[in-house]
Amino acid sequence: MILEITRLTKRFGGLVAVSDVDLAVEEGAIHAIIGPNGAGKTTFFNNITSIVPADAGRIVWCGERIEHLSPQAISAKGIARTFQNIRLFAYMSVLDNVLTGTHNLYRSFVWAAITRNGRYRREEREGRELAMALLEKVGLAGQRGEYARNLPYGEQRKLEIARALASGPRLLLLDEPAAGMNNAETAELVRFIRALKADGLTVLLIEHDMKLVMSLADRITVLDYGVKIAEGSAQEIQNDERVIEAYLGKRRA
Amino acid sequence: MAERSRKVRLLAGIVLAVILLGFPRVVGNEYLMRIATMILIYVVLASSLNLIIGFTGMYSLGHGAFYGIGAYVSAILATALGWPFWLSMPLAGLFTALVGAFLGLATLRLRQTFLVFGTLAFGEIVRIVIMNWPELTRGPMGIPGIPSPVLFGFELASSTHWYYLILGFTALMVFIIARLYRSRVGRAWVAIREDEVAAASMGVSVFGYKVLAFTISCLIAGLAGAFYAHFVSFISADQFGMSESFLILTMVALGGTGSIIGPIIGAIILMVIPEAFRFLAEFRGVLYGAILILVIVVKPEGLAGVKGLFTPALGAPRFPWLHRKEGAK
Amino acid sequence: MFLQQLINGLAQGSLFALIAISFSLVWGLLRMVNFAMGEVYMLGAYAGWLVVAHLTPNLGVALLAGFAVGWAVGWIIEKVAFKAMRGVPHIASLVCTIGFSFFLKEVATWIFGAETKAMPSYYSQTAFTIAEANVSWLQVLMVAIAVTMMVALQVLFYRTRLGLAVRAVALDYRTASLMGMKVDKVTSLAFSLSGALVGFVGVLAAVYYNAVNPGMGFVAGLKGFTAAVFGGITSIPGAILGGYLLGAIENLSVQFVSSGYRDLVSYLILIIFLLFRPNGILGKKTKL
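Chains as they are written, first to last, in this note's numbering: chain A, 1 to 253; chain B, 1001 to 1329; chain C, 2001 to 2288.
I should point out that these hints are in silico values taken from the structure, not numbers from a laboratory.
One thing to keep in mind: the hints can contain errors.
[Unchecked claim] Pairs of lysine-lysine, DSBU-like flavour, derived with a Cα cap of 35 Å:
| id | chain 1 | residue 1 | chain 2 | residue 2 |
| --- | --- | --- | --- | --- |
| 1 | C | K2117 | B | K1007 |
| 2 | A | K137 | B | K1007 |
| 3 | A | K197 | A | K211 |
| 4 | B | K1299 | B | K1007 |
| 5 | C | K2117 | B | K1307 |
| 6 | B | K1307 | C | K2185 |
| 7 | B | K1299 | C | K2079 |
| 8 | A | K197 | A | K77 |
| 9 | A | K77 | B | K1299 |
| 10 | A | K137 | B | K1307 |
| 11 | C | K2083 | B | K1007 |
| 12 | C | K2182 | C | K2079 |
| 13 | B | K1307 | C | K2079 |
| 14 | C | K2117 | C | K2079 |
| 15 | B | K1299 | C | K2083 |
| 16 | A | K197 | A | K137 |
| 17 | C | K2182 | C | K2117 |
| 18 | B | K1299 | C | K2117 |
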C-alpha cells in the first residue's frame, strides 16, 4: 500500500468534516472517492496535502508519516494535486504555469538567475522540454504563450493536470477533473488517466460523474457526512444499500 | 512572429541606449541633467518596490525608510569614518538588506492591511531614531559634506559624471530585476501573487520567497539611497519619510505593478510632470494623491501593469472579505 | 508628576479611543481599514477652526462643524474607495484610501498652508486637583464626551433597528442582504458615522492642543489604529480599552524615555501586537 491513511479527522468548529476515515491505496491503482456534496471529499484531499492540516489521524506515504509536513514538503515527496475550482496562475502563460509545476525539480536560485550560468541554462532547457512534452500530451502546446485565464474551461482543467504532472509525482490527486466536461471530453479524460496508470502513476480521484468512476476506478471509497460508509469494487459499490441511500435518500418502505 | 518582435525589441533597446548615453551631450544644461539623474534614481526605487508589490502582492509603505537607511549608512561611513564611496555604498546596501530581511521575516506573515501599517510604523520608527540620535546621525541637522566618489584618483563630481554613474547603476539594477523576473525565482514570485495555495502545492516556499523579494528590494533601495546621499551631498531625515514612501508607491501604482516597464514609466511620469508643468508645482502633492486614487479606481493594475494583483484569482470568491480563504492575505 | 501624566493620558486616551472605535466600526463591518481616517480627523479639526476663527467662538458649533465635515468626507471616501470597487480584492480599496490620505493632506496644505494655526482654548481652567495633579475642565469634558459617545453608540447598535441592521451585516453580509437589509446603506452609514466621529474628535483635539496643521491627521490616524489593534480591533470595547491604555502608556512613558521617543513607544506597541497578538488584548487568540 503506497498510501495508508488511518483515522483521519478534521473538525471545523462544531462541524466534523472528516470523521475517522481510513484509506489504503495500492500502488498503481486508480482509487476513486465519491459521495454526495458536502461529504468532506475535498477537505480530505486538503488534509492529505496539508493545505488544511488534519486534527487527528495518520497519513503514511511510501512508509513515511507525512501528516505533519508542509504542503511544499509533501509536494517534494511526490504527491501532486488539482483543485476543485481550478487554481491556475491566471496571469501567467500556459507554459509558465507548467514550468512552475517543475519548481521542486530544480535548484536555480538568485545567483544563477542573474548570471544565467551553466546550471541555470541547463535547468531552463530541461524544464522547458519537460513542460512542452506535457503540453503536447494534453494538447495545449499551441497555446503555450496564452494567459491561463484566457483558456476555455475544459482546457484550463487540462492545464491544471499538466501542471500537476510536471513535478513527476508518484501520486496524483484529482479533484473533480471531469466537472463541466461533455461526453467526448470525459471519454478523452478516461483515456488520459488510463495512460497515466500505464505509466505507473497512482491516482486518487474525487468525482461525481458515475460513469467515469465506474469505468476507471479499481477501487471506490464512499464518504457521506465525513464518514466512510462503503468501500469496494465498482460492482460492489453500485449495489451497496447504504450508498444508494446516501445519494437518493431512504427507500420508502 | 516571435522573431520579429525580438528584432523590434532589440532595435528599441539600441535607440534607447543611444538616447540615454547621448543625453548629456545634447542637453548641456546642468539642471536638466540633475533632473534626469533623479529620475533614474526613482526608476530604481520604483522598480525595487515593485519586487514587493507586483510580485508578491504585499504593499509596503516603508520604502522611503529603506532608501533613507541606505543614504544614512553610506553618509555616516563616508563622513565619520572616511570610507570611500566604493566601500560605503555596498555596505549601505547590505545593511539595508539585513534590516529588510528582519522586518520581512517579522511582518510578511501579516495580512496585507496590517503589513501596510506595520511598514508605515517601521518607517516612522526609523525617522524618529534618526532624529533623536545626534551622536550617530546629527539628528535634525542632517549630514552635510558627503564626498563624491573617487575613481582611480579622478573625482566624479560634475553633473555629467553623476549622470553616467547613476545611469550605469540604474541599468544594472533593472537588468538584474528583469533577469530575476524571467527565471525560476520570478515564476515562484508570480505564482505567489496569483495563488498562494496553489504555489505552495507546487513546492514553492511562499514565505521564503516573500522574504527574498523583500530583502532584495531593500538591498536595491539601500544602494539607491547611498548613491543619492553622495549625489546630493547633504541629507536629512525628513527627506525619507512617509511622503517619500507614498511617492514611490504612487509611481509603481501608476506605471504598473508586476511588470518591468511599469515602474519605469511611473517614475518618469511623476518626476516629469512637476518639471514640465511648472504651474503645477504648488499642487504637486494634490496631484499625486489624486493620481493614486484615480489609478486604483479606473485601472488598478496601472498603465503598464500585469493584471494579476487586483483581479480575484480564478476560482476565488467574488467578495473576498466575506470569506476566510485558507492562507488568506 | 506621575499622576498628572496619568490624567493627561486619560484625556488623550479619550481621543485615541474614539478614533479607535471608528476603525473598529469599519473593520467589523467590512474587514477593511480606512487609511484616510486621520485625514478626516484633520479636516474636521480645520472645520472647527474655521468656525471659531471666522464664524462664532461657540465650541458647540465648531464640534458640529467637525462632525458634519467628517460625515461628508467619510461618505465620499466610501463611494469612491469602496462602493465603486466591489469584486476587487480589498487591498485595492486600502490603497485607494492611502491615496485619499495623501490627497486630503495635500489639499489641506494647499488651502490652509503648511504652518500650524492656533486654535483657541476652551475650558482650560483647572476644574479640581488631585494630590498635585490638575484636572482641567477640558479634560473632564473630553472624557465625558468620550463616554457619552460610547454610550450613544452602544444604544445605537443595541437598541435601535438601524443598529440591529449594522450588527447583522457585520456578522453575515450575504444573509443580511438576502433578508432584505439594505447592506449598501449600512456600509455607507458606517463610513459616514466613523468619519463624523473622527471629525468631531479632530475639533476636540485641536482645542486640547491649541493647534491645527495638515500633518496632525497622520499621527492621530496611526495612533488611533494602534489603539484599535492594541485593544482588539474586532470589538468596540477593545477599541476603547486600547485607546485609554495607549494614552496612559504614552503619557507615562515620558518618565522613562526622552520626549522625542514618545511616539516611538506607540509605534513599537503597534508592531509588537501585529506580530504577536494581532487580535489585541481583548481579541481571541486565534488567526485573525
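Now for the hints, and whether the structure bears them out:
| no. | hint | verdict |
| --- | --- | --- |
| 1 | C:K2117 with B:K1007 | violated, 61 Å |
| 2 | A:K137 with B:K1007 | holds, 32 Å |
| 3 | A:K197 with A:K211 | holds, 18 Å |
| 4 | B:K1299 with B:K1007 | holds, 30 Å |
| 5 | C:K2117 with B:K1307 | violated, 45 Å |
| 6 | B:K1307 with C:K2185 | holds, 31 Å |
| 7 | B:K1299 with C:K2079 | holds, 17 Å |
| 8 | A:K197 with A:K77 | holds, 19 Å |
| 9 | A:K77 with B:K1299 | violated, 42 Å |
| 10 | A:K137 with B:K1307 | holds, 29 Å |
| 11 | C:K2083 with B:K1007 | violated, 45 Å |
| 12 | C:K2182 with C:K2079 | holds, 15 Å |
| 13 | B:K1307 with C:K2079 | holds, 23 Å |
| 14 | C:K2117 with C:K2079 | holds, 31 Å |
| 15 | B:K1299 with C:K2083 | holds, 15 Å |
| 16 | A:K197 with A:K137 | holds, 14 Å |
| 17 | C:K2182 with C:K2117 | violated, 42 Å |
| 18 | B:K1299 with C:K2117 | violated, 38 Å |
In summary, the numbered hints that this structure violates are 1, 5, 9, 11, 17 and 18.
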